[in-house]
Amino acid sequence: MVEGSSTSDLTSSDSSDEHAIVVLECKYHKKKLRKEKIMAEVYEDTTCIGQKRNFKEACKERRGLIPQMRRFDIFTDGELVFGIRVSYWDTEWVTEHIGHCWNEGDHEIVSHEFAPGEYIKKVVMRKGAHVDRVKIVTNHGNKIVGGGMGGEKHVFDFDAEHPRVCFFKPFVGGHLQGLKCFYVDQKQAH
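At the far end of the sequence shown sits residue 189, using numbering that gives the first Met the number 0, and the numbering has no gaps.
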């Protein structure tokens, strides 16, 4: 719950959804979408895949409403982060960016299933040559952490009173090299 606002300000029930999730009432407006980027080292194999077009399409499918995240996965070996995957409740849009050094047999996936009305409000990374750790904090107080304690701590500086991360643009090579977070001010985006 966002401090200083009631549940009715942020959510409404969508009884047509079989999951009976809460749909966050947050219209997408291009001028209100903001971004913040933190990078580790960039290598020859570092690539990024833009997600803005997919985000716009998902919003269009939902008549302007921002899709709610369903699940967030961090791919890690306990020391470094190899990638992330995000899926959404009410669209088939899934973003998955995993570095080519990922080995499913030796590594783990740290996952979080979002509750109705829950969203990411804070992102913290530790980075050196690669991203060592990713931590997300939700508006419900849940903390999801994957990776190790190497590198220096960097907190994404969201310029919003009530930030809500909408999607990520990851930079990957063999490992996660950086993240660009796209977000809105949940309170101002109505």
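Simulated from the structure, these hints should not be mistaken for lab results.
Glycine included, C-beta positions come from ideal geometry on N, C-alpha and C.
Warning: the hint list may mix true and false statements.
[What the hints assert, rightly or not] Taking lysine to any residue pairs in the SDA-like style, the calculated list, with each CA pair at most 20 Å apart, reads:
id : residue 1 : residue 2
1  : Lys186    : Met148
2  : Lys134    : Lys59
3  : Lys120    : Phe157
[Said to hold, decoys possible] DEER-style ranges, computed between Cβ atoms:
id : residue 1 : residue 2 : range
4  : Gly77     : His99     : 28 to 38 Å
5  : Val136    : Glu56     : 19 to 29 Å
6  : Asp105    : Asp158    : 19 to 29 Å
7  : Gly63     : Gly147    : 38 to 48 Å
8  : Glu56     : His139    : 20 to 30 Å
9  : Glu103    : Tyr42     : 19 to 29 Å
10 : Val41     : Arg62     : 35 to 45 Å
11 : Asp44     : Asn141    : 15 to 25 Å
12 : Lys51     : Asn141    : 18 to 28 Å
13 : Glu151    : Glu60     : 17 to 27 Å
Numbers of unmet hints, in rising order: 1, 2, 4, 6, 11, 13
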